[in-house]
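Undergrad: Okay, here's what each chain looks like letter by letter:
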Amino acid sequence: MIPLERRSFLALTGVSTAAVVLGTGHPAAAGYDGKVPPAPFTLGVASGSPLPDGVVLWTRLAPEPLAADGHGGMPRRPYTVRYEVADDTAFRRIVARGHALASPELAHTVHVEVRGLRPNREYFYRFRAGGEISPVGRTRTAPAPRDNPTELRFATASCQAWYHGHFTAYEHMAAEDLDVLFFLGDYIYEYAINANNLWRLGVPMPAPEHNTETVTLEQYRLRYALFKTDPHLQAIHAHVPWLVTTDDHEVQNNYADEWSETGITPADFLRRRAVAYRAFYEHLPLRAVSLPDGPSMALYQRLGWGRLAEFTMLDNRQYRDTYPAGAVIDNSPERHNPERTILGSRQERWLYEGIARTRATWNLLSTGVVMAQIDRDTGPGELYSNDMWDGFPANRDRLFAALRRSSATPVVLSGDIHRHVAAELKTDWRDPGSATLGVELVGGSIGSDGDGAETDSFGPLWLSNPHVKLYNARRGYLTGRLTPTELTSEFKTVPYVTRPGAPIATAARFVTEAGRPALNREV
Amino acid sequence: MPDVVRRLRATGELGRIRLSWEGEAYHPLVDHYAIYASVDGADEALIAKTVYATFVHGGLGGRARTVRYRVVTVDAAGRRSRPSDFVKGTSVESVAVSGRPIATVGTFDHKSLELALAPNGYAQFPTRFPNDVDFTYGVDAPGTDWAYLHPGPADTWAGRKAHRFTLHFGLDALPAADPWLAIWLIDSHATNPGTVTIGLNGTPVRDVALERGATRGSLEGDATLPGTVLKPSYVELALPRTALVAGENSVTIDKPAGSWHAYDAVGILIR
Chain W
13 MIPLERRSFL ALTGVSTAAV VLGTGHPAAA GYDGKVPPAP FTLGVASGSP LPDGVVLWTR
73 LAPEPLAADG HGGMPRRPYT VRYEVADDTA FRRIVARGHA LASPELAHTV HVEVRGLRPN
133 REYFYRFRAG GEISPVGRTR TAPAPRDNPT ELRFATASCQ AWYHGHFTAY EHMAAEDLDV
193 LFFLGDYIYE YAINANNLWR LGVPMPAPEH NTETVTLEQY RLRYALFKTD PHLQAIHAHV
253 PWLVTTDDHE VQNNYADEWS ETGITPADFL RRRAVAYRAF YEHLPLRAVS LPDGPSMALY
313 QRLGWGRLAE FTMLDNRQYR DTYPAGAVID NSPERHNPER TILGSRQERW LYEGIARTRA
373 TWNLLSTGVV MAQIDRDTGP GELYSNDMWD GFPANRDRLF AALRRSSATP VVLSGDIHRH
433 VAAELKTDWR DPGSATLGVE LVGGSIGSDG DGAETDSFGP LWLSNPHVKL YNARRGYLTG
493 RLTPTELTSE FKTVPYVTRP GAPIATAARF VTEAGRPALN REV
Chain G
-11 MPDVVRRLRA TGELGRIRLS WEGEAYHPLV DHYAIYASVD GADEALIAKT VYATFVHGGL
49 GGRARTVRYR VVTVDAAGRR SRPSDFVKGT SVESVAVSGR PIATVGTFDH KSLELALAPN
109 GYAQFPTRFP NDVDFTYGVD APGTDWAYLH PGPADTWAGR KAHRFTLHFG LDALPAADPW
169 LAIWLIDSHA TNPGTVTIGL NGTPVRDVAL ERGATRGSLE GDATLPGTVL KPSYVELALP
229 RTALVAGENS VTIDKPAGSW HAYDAVGILI R
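Residue numbers (the working numbering), protein chains in the order written: chain W, 13 to 535; chain G, -11 to 259.
Chain G on its own, in the form it takes in the complex (with noise of 0.2 Å):
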């Protein structure tokens, strides 16, 4: 029979739970490991096969979720392994979903269909906004004004170079405590990702490394549908309160390196 899998981890993160496991891998040779999954207390079922000896149980939303595991070995002959223990992990709470927005554009759910050209019409990007994205909460409609497809430097079909996406938003007084900027995306490019550069008010505020997608989000806009390849990813940060303004300020999203990225929702909060 082949062994049970040790040391079983699992690690919360937005959105997502990672788990992590040893096992023999080649004596006897590992088919698939099995992952087993229980969310919310609900019914134990099969969610993934996978041959790596780690998996990332996403698509959990924004809520926090808890979800207890177990894994069984199958090997090459289809012989299966006793089930590892059990072992819980909680995602973390997205500020999209506990916080106060004081902008948003979007739905955070999973789906780019509410943005502009959704879910395929990419190739109108350069027509439809030469400028590039320059949105005004409050003024702009996200079905038209804002592209559910960013570019980046190495897409030809949007001209080769550096994109920005700008958010304009109105503050009465300054907050008491710096805001969040949340990014969902249901997808990017698989190989070349790229980084976004953050800025406020003209401020630098940080680059963030894009995760790898699934180079499908540029034809399709639901990441919920059962089966589906889209990877979604978060970007989840403090914005300094330093660098606002009463009246209004400007989140500018810059993609200085790599492919596309496409938006589910972007939005400003407070904790």
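Isolated chain W (complex conformation) (with noise of 0.2 Å):
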């Protein structure tokens, strides 16, 4: 990870020594108390990151979150948060408290980095500014480094276009028992909302300001506060800790780096980049070290699950290289650069050390777009699609020999397509009997794309790769269950999203053996 040095932070905040404890839970943030407007909690409260002795705790004081200046409702001051983790949902046995600063610099949002807690347990965790109390998480801590889990439960959500659809998805993952979420990006959408694009039946029409694609802070932080007051979204994080890492939509379609495929000058567009890094970091569960310094976020990170499993989450957006030839879908012999990269030569020199040291049993990388090869060309020709890890197989290569000389059975957890996918990574894509090096699964979109259907026209073509072993066009998430011996993995879709109330059904079930990797399918 990239250090953020405290005197960068202290220029970026521009903002006193006290408020830079926001986030922290050091006792400087108490003495900014005040009266507080009423109901303040309305964006809910979430946490992430979970280490074997702590996890980062948020939430937003917003009484008005969808005022069109992006605060919230919320005077410019700053306000003391109060924060208490507790064994129990009562609160009758208290193992943490403290404050933070809620400032308006960060839209007044928290992120509060608990420490001291006990490996390997369920916390339940609340904020109170004022009198104002907020809705209880839960939240749970990751096993100490040498311990050996029995299990992990995971789900993974990605691409939640909140105007196509009802976060059902979400309304079951809730339901789930879950230990950790990863989350694949595309959080938000920029774009424009208006009745072109509003498919979610029962709900208003947004406010005018709404109909722009964002460009601004108060811009980015309106579409966060929009999608975030959906009750699904907000239940989902307040039951299960969040690992999150973007995909494009969180700037803008198919960004790479500075580049932007409207036109926007580089200078331009490093601006945009940076206020849309900021709304992202505002309002997800993400530690100090990732609050953006300018145009830069340092979202990389690797975090365990003792001995069962270590999670890498990739940002596959930040540093990538453009367009090998300038179109997205080609196979154009700049393709096959050997210095192309998706991941920058920073952060795959940290991926590839972090897999070497590894002594886990299961690698699960995220990454926001598909890693496996897929032909696009269903004839004797070729054709890939820049926009995912197929612009970059000299990466991929790379990673993948990296992975080769590693124990651990790499998992890849990805999103984008809005499709439920399941592949077999190939040692050799030509050659379906070639050694499977690990497994990819894309999990289909929680509301991007409207109701969906079993299969679509992309199908064929999906499947027309033999590694492929599954093309589902619904809405839906996925959920694994780790073992030190196996991986289930479940593919949940539901029939329709643009009206609410959709049941769930699980479309596919596949299991796959620690160090002989292979989807085999159960359902």
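To be clear, the hints were calculated from the coordinates, so they are not data collected in a lab.
Quick caveat, the model's predicted, so the values are computed rather than measured.
Beta carbons: idealized from backbone N, C-alpha and C, even for Gly.
Check the hints yourself; a few may be wrong.
If you anchor each label on the Cβ, the simulated ranges turn out as follows [to be verified]:
| no. | chain 1 | residue 1 | chain 2 | residue 2 | range |
| --- | --- | --- | --- | --- | --- |
| 1 | W | Pro278 | G | Ala165 | 40 to 46 Å |
| 2 | W | Arg442 | G | Thr124 | 55 to 61 Å |
| 3 | G | Pro118 | W | Asp443 | 44 to 50 Å |
Take the two lone chains, each set in its own frame, and fit them into one complex as the hints suggest.
TA: Right, dumping it as structure tokens:
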């Protein structure tokens, strides 16, 4: 991770030393009590980045979450927010408490980094500001590094276009017994919201300030606030700690580092990236080290779940090269340039060093876009999407070489395509009989693209790649149960999202053995 | 307090004025720049918020407009700088306003509504215009014979091929100076606007790369509505007098690359 120097942190926030303790729980954050506007916890609570001894707790004070200026109806002054962590839902056994500062610089969000907790335990938390008390959230810590947990239950989610449908998938996910949730990108979409794309029935048309592509910080803040008003999104945040990464729509469709497909100059686009990343940090349970410094955000991270699993959260947008020959889909010779990278050289080095060091049974690699090779020409030709890892085959080869040297079984978790896909990661894509290095589980969207269908016109294309074992075009999510010997993955779907209340179904279940990666279908 | 922007500049172009400025973007983080404008002496009003250090004040129409600007910086905490110094800019007048028309198709009004298939009937293009657009001024009617949308080779719905729009017009005698071609668009494709190749009586005149639009002009036809996302743009160039003939002449607009563009109006004019 890129260390964030205290000096730059101070300069970045532009506030006093006292204010800098926001998110740390340091007592110096006390003293800004004052009268808090009524009902400020409209956007819920969240936790994330679980460690063996701690977790990040998040909330935002926003009594008017959709106030047009993006400040949530809060006065422009800091407020002390108190937090409590307990063993029980009644908060009789408090194990940690403290203060954090909610400041207008960060839209009155707080990111409390609680430490001193016990490993592999369930906890409950809540906030208080003035006389107002937040909803209670549930979280948990990771097992100790040398522990051998018997299982991990996780889910993945991505692509939650609020305007395309109800978050019924989250409603069902919140009823699952989960240890962590991996969010794989497209938490918001930057597009204007209007009658053309508001497919979510039963909700009023958002105010005119939402009918524009997000460019300014107030617009990105408004977009997060709008999406986070969804009760099921709030419920799943309150239910399980999240580990998050981005894809493109947190900034703009298909962006690559400082490159925009709409011709915005790099200097201007970096200004936009800076406010987009700021709003992302503000609204997710991230550590202070991820607070962006201008247009740079330290997002990629590695966490562990005892000796059972290592979690590698990748950032596949901030450092990537642009399209090799200017087109999204092609098979240009430039695509094979060995210098091309989707991760950037620094993240690549960090990744390969981590892979070499891990002693975990499983390595869960989270990335925003599909990693498996997908030939998009169903005939004798070859076509690839340069927006996915297919645009960076040399980077993928370097990663696979590192994974081959590790004893951990790789499981790639990705999203982006709004479809459930399961694929085996082959050592030779042209030879279906070649060794399988790991598996990739691509989770369908939570809401993006509306109701969907069991399959669609892209299905034959994806399934024409023999290592693709599942294609489903419904909305939904993925769950996984990881043990020292096997991973059971289930692809969950809902039949519709434009209306609320859809039932949940399991479209497919696969078992993958540790050390012998393959997709063995059970359902 | 956030810094006041420096070196605020205004550059007039056809139908718009480009603004640029300099200023600290990150420390403290700029939420946006609020741009205030007074058009032709009217009251000052907030016209836009942007995080970029550039802004295109479009939609000024074909007349020359003089606008006085100043910019306020708003930071992430909601603090506002004092306003910048004023800067004044004047847009360039269009030949469509100042010129004498020889032949026109449609009205130069930032609307496509008077053209065939407008505002959203593009899917009918292959059946209504199987041989593309071949329009004779004084004979054909814009509402039936000039399609609002000109497809490009990137458009599957139009056969993924280059399409030609032809405008025939008569001249009793050769003009004394080069006439001008004015092409006003209400919108173009956001990521792949492509290029047009202009020809006059079979003589290539120029290739023009179109500006990126908003990819909405295929569905909406009025760029004057409040809050419109349409991005009008303009192509105006001199046609070589030497390629003209007394009698019938033909201007061709070919689209050899890119996706569609949406017309507002097309005209041949004398300055």
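Undergrad: Going through the earlier hints one by one, which of them does the structure break, listed in rising order?
TA: none
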